[in-house]
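**Q** Model the full assembly from the supplied sequences, consistent with the hints where possible.
Chains as they are written, first to last, in numbering that gives the first Met the number 0: chain A, 0 to 181; chain B, 0 to 125.
Since the hints were derived computationally from the structure, they do not count as laboratory data.
It cannot be assumed that every hint is accurate.
As the list claims (entries may be wrong) - Capping the alpha-carbon separation at 30 Å, the derived lysine-lysine pairs in DSS-like fashion look like this:
| hint | chain 1 | residue 1 | chain 2 | residue 2 |
| --- | --- | --- | --- | --- |
| 1 | B | K120 | A | K48 |
| 2 | A | K117 | A | K91 |
| 3 | A | K127 | B | K39 |
| 4 | B | K49 | A | K138 |
| 5 | B | K49 | A | K123 |
| 6 | B | K119 | A | K155 |
| 7 | B | K20 | A | K117 |
| 8 | A | K76 | A | K46 |
| 9 | B | K20 | A | K127 |
| 10 | A | K131 | B | K49 |
| 11 | A | K91 | A | K155 |
| 12 | B | K78 | A | K155 |
| 13 | A | K50 | B | K120 |
| 14 | A | K112 | B | K120 |
| 15 | A | K131 | B | K119 |
| 16 | B | K26 | A | K127 |
| 17 | A | K112 | B | K119 |
| 18 | B | K55 | A | K123 |
| 19 | A | K46 | B | K119 |
| 20 | B | K78 | A | K123 |
| 21 | A | K127 | B | K119 |
| 22 | A | K91 | A | K22 |
Said to hold, decoys possible - Residues from chain A that keep clear of chain B, each with C-beta distances beyond 12 Å, as calculated:
| hint | residue |
| --- | --- |
| 23 | R10 |
| 24 | K14 |
| 25 | A20 |
| 26 | L61 |
| 27 | E78 |
| 28 | K91 |
| 29 | L111 |
| 30 | N159 |
| 31 | E170 |
Where a beta carbon is used, it is the ideal one built from N, C-alpha and C, also for glycine.
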Amino acid sequence: MSFNIEEHFNRLQEKGKVILAYKGAINTDVINGTLEQMESSLDAMQKSKVKKKIYNVLVESLQNLYHHVDEPPEDLKDEIGSRFGIIMITEKDGMFRISCGNFINSSKIKFLKDKIDKINSLSKDELKEMYKFILNHQKLSAKGGGGLGLVDIARKTGNNLEYSFYEHKGEHYFFNLDILVN
Amino acid sequence: MEPLIFEGSPKTPSVSFDAEKGVIEIKGRSIPENSIEFYKPLVAWLDEYKENPAPKTQVNIQLEYFNTSSSKCILDLFKKIEGVRIKSEDVIINWYYEEDDESMLEAGEDYESIIKVPFKKIEITE
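**A** Following this line, the structure appears as structure tokens:
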């Protein structure tokens, strides 16, 4: 059975109390609106440390989506547009789950999987070294991405990154990343 | 040399670079999607400043949030500051972080270990 966006979105919503749920085009206006909305929702929260972590992770996640969304399959394009992404924040027992998803081409799966597995295998100090190495040795791409986003997210949260690739059709896959913040 | 002044916005910091006083300040948030565009004039200004710096240069960085795209640009700025020391030894970077903000303190430590400029981390207590 091929991947179904609605079902996936509903499954994410069931993971806890929904704080933020968005599916649609990922553009600058959406990023700005989402950050603004989250900031006022977070203001009501007590713990400023968690608040900051969530905001930081959300900034990186949205910008990862912005820089890396691939075109969805042709048969979906009319319905969901060409820069489609999902962002969801849920909370359960004090644990915040930030889920983000986008279509990617199958050619990118290995790179992403290897990168995340590597990040998950590193200790806090090793992540710090990796971050510093990339910071100091890798140039920014023309669009401003630097290969630091996922490393930074792992460092700031101290939790493993959870990911899935769902096969849709042909070379089109849906990539879902879950980031846990506590 | 003309000062460089930018007002802050929800996604970009306020900037105040004053060549006469030798005071270089960045404050607020730095989370633009494309940081290169924002930082280009800052890097260019420092490029010129390092040729003829004030006797004393004080760099004050007080950021609430910054994204990874900005982190590379901030490193570029600091590398220009390293260049200032060729003409004038008296240079310091003050890195301000809010009390309890471990990740901002760690970010300061990261830069401190890469950059060869006296680096002071200062905690802001509310």
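**Q** Now tell me, hint by hint, if it's right for this structure.
**A** Tested hints:
Between K120 of chain B and K48 of chain A the alpha-carbon distance is near 19 Å, which keeps this suggested pair within the 30 Å criterion. Restraint check: the Cα-Cα separation between K117 of chain A and K91 of chain A comes to about 27 Å, which is no more than 30 Å; the hinted pair holds. Taking the CA atoms of K127 of chain A and K39 of chain B, the gap is near 27 Å; set against the 30 Å cutoff, the hint holds. The straight-line distance between the Cα atoms of K49 of chain B and K138 of chain A is roughly 23 Å, inside the 30 Å bound, and the hint therefore holds.
Distance hint between K49 of chain B and K123 of chain A is unfulfilled; the C-alpha atoms sit about 36 Å from each other, more than 30 Å. As the CA atoms of K119 of chain B and K155 of chain A are separated by approximately 22 Å, the hinted pair is consistent with the 30 Å bound. Pair hint K20 of chain B plus K117 of chain A does not hold up; C-alpha atoms about 47 Å apart against a cutoff of 30 Å. Between K76 of chain A and K46 of chain A the alpha-carbon distance is near 41 Å, which puts this suggested pair outside the 30 Å criterion.
Simply put, K20 of chain B and K127 of chain A have alpha-carbon atoms about 35 Å apart, too far for the 30 Å limit, and the pair is violated. As the CA atoms of K131 of chain A and K49 of chain B are separated by approximately 25 Å, the hinted pair is consistent with the 30 Å bound. Restraint check for K91 of chain A and K155 of chain A: satisfied, since their Cα atoms lie roughly 20 Å apart, inside the 30 Å limit. Our distance criterion of 30 Å between C-alpha atoms is met by K78 of chain B and K155 of chain A, whose separation comes to about 25 Å.
At most 30 Å may separate the alpha-carbon atoms for a hinted pair to count; K50 of chain A and K120 of chain B meet this at roughly 23 Å. Restraint check for K112 of chain A and K120 of chain B: not satisfied, since their Cα atoms lie roughly 37 Å apart, outside the 30 Å limit. Between the alpha carbons of K131 of chain A and K119 of chain B the distance comes to roughly 19 Å, so the proposed pair stays at or under 30 Å and holds. With a C-alpha separation of about 24 Å, the suggested pair K26 of chain B and K127 of chain A falls inside the 30 Å cut-off, and the hint holds.
Restraint check for K112 of chain A and K119 of chain B: the C-alpha separation of about 39 Å exceeds 30 Å, so the hint is violated. Between K55 of chain B and K123 of chain A, the direct Cα distance comes to roughly 37 Å. Violation of the 30 Å bound is thereby established for this hinted pair. Note on K46 of chain A and K119 of chain B: the hinted pairing holds, with a Cα-Cα distance of about 28 Å set against a maximum of 30 Å. Between K78 of chain B and K123 of chain A, the direct Cα distance comes to roughly 26 Å. Compliance with the 30 Å bound is thereby established for this hinted pair.
Pair hint K127 of chain A plus K119 of chain B holds up; C-alpha atoms about 20 Å apart against a cutoff of 30 Å. A threshold of 30 Å between alpha carbons decides the hint, and for K91 of chain A with K22 of chain A the separation of about 21 Å falls inside it, so the pair holds. Consistency note on R10 of chain A: stated as away from chain B, and its beta-carbon is indeed over 12 Å from all of that chain's, at 29 Å minimum. With a least CB separation of 25 Å from chain B, K14 of chain A remains clear of the 12 Å interface cut-off, as annotated.
For A20 of chain A, the condition that its CB be more than 12 Å from all CB atoms of chain B holds, with the nearest at approximately 22 Å. Interface exclusion of L61 of chain A from chain B breaks down, the closest Cβ pair being 9 Å apart, not more than 12 Å. No beta-carbon of chain B comes within 12 Å of the beta-carbon of E78 of chain A; the shortest separation is about 26 Å. Look at K91 of chain A: its CB is around 24 Å from the nearest CB on chain B, clear of 12 Å, so calling it non-interface holds up.
The claim that L111 of chain A is not at the interface with chain B holds, since no C-beta of that chain comes within 12 Å of its own (minimum 16 Å). Chain B leaves N159 of chain A outside its interface by the beta-carbon criterion, the shortest separation being 18 Å against a cut-off of 12 Å. The claim that E170 of chain A is not at the interface with chain B holds, since no C-beta of that chain comes within 12 Å of its own (minimum 27 Å).
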